[in-house]
Amino acid sequence: GIQVEQSPPDLILQEGANSTLRCNFSDSVNNLQWFHQNPWGQLINLFYIPSGTKQNGRLSATTVATERYSLLYISSSQTTDSGVYFCAVYSGAGSYQLTFGKGTKLSVIP
Amino acid sequence: DAGVTQSPTHLIKTRGQHVTLRCSPISGHKSVSWYQQVLGQGPQFIFQYYEKEERGRGNFPDRFSARQFPNYSSELNVNALLLGDSALYLCASSPGRTGGWNTEAFFGQGTRLTVV
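Line by line, the protein sequences are chains U and L. For the first sequence, my numbering gives the first residue as 9, with consecutive numbering after it. For the second sequence, my numbering gives the first residue as 7, with consecutive numbering after it.
Think of the hints as simulated: they come from the structure by calculation, not from any bench. Here the structure is a predicted model, which is why all the values come from computation and not from measurement. The C-beta atom is built at its ideal place from N, Cα and C for all residues, glycine as well. One or more hints might be untrue.
Over the 10 Å line for every Cβ pair with chain L, so calculated as not near, a few chain U residues [unchecked claim]: (1) T61; (2) L67; (3) D89.
Short derived list, chain U residues pointing at chain L, Cβ under 8 Å [to be verified]: (4) W48; (5) G49; (6) L51; (7) Y77; (8) Y81; (9) L106; (10) G111.
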């Protein structure tokens, strides 16, 4: 099956700093989602981005499907950005399951 | 509009017992999927249901089963609980076939199961 690798596994930032999270996948994908998991376990949708670039406030994402990677940018980080960020992909015709990476744990300190 | 709702939020069970977890999808969504997330890992796919039929199953033993009801809500059942079944169980809702299989998934807050 498809492999999804996220880097870095852990990231500590000072409040106000910028960061880039990376997601590599081993095969072509039909769709890709970025999630933020808060400390209570809720997975919050950030982006649904099979290709191209999207922006939502301080966050933006870029997926280059032909090169099998996606990037999540966080600018001017805030303590509320802390948590685990997951990349997940659908692959293959008729694929019905999301395959998740292991996540990037982000800690933003005041 | 209500999002994906799961119940209960927390549960403690003893080894060997049975558990039933419940999920109500977003209104209008016909597909429900279940995922298991153990500490420190990403969620792992268990089942997908669409129009009451199982569309896909992950690499989980037969102790795990699920079903979907006419109103598109779903139950996940786990028999003969093991300590290793302790995890966060997440339900995801998506439009399903009408919008394509690979449409955006939305997750509930999860049920945290502890087996002692």
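Consistency of the hints with the structure:
no.	hint	verdict
1	T61	holds (17 Å)
2	L67	holds (16 Å)
3	D89	holds (19 Å)
4	W48	holds (7 Å)
5	G49	holds (5 Å)
6	L51	holds (4 Å)
7	Y77	violated (17 Å)
8	Y81	violated (20 Å)
9	L106	holds (6 Å)
10	G111	holds (6 Å)
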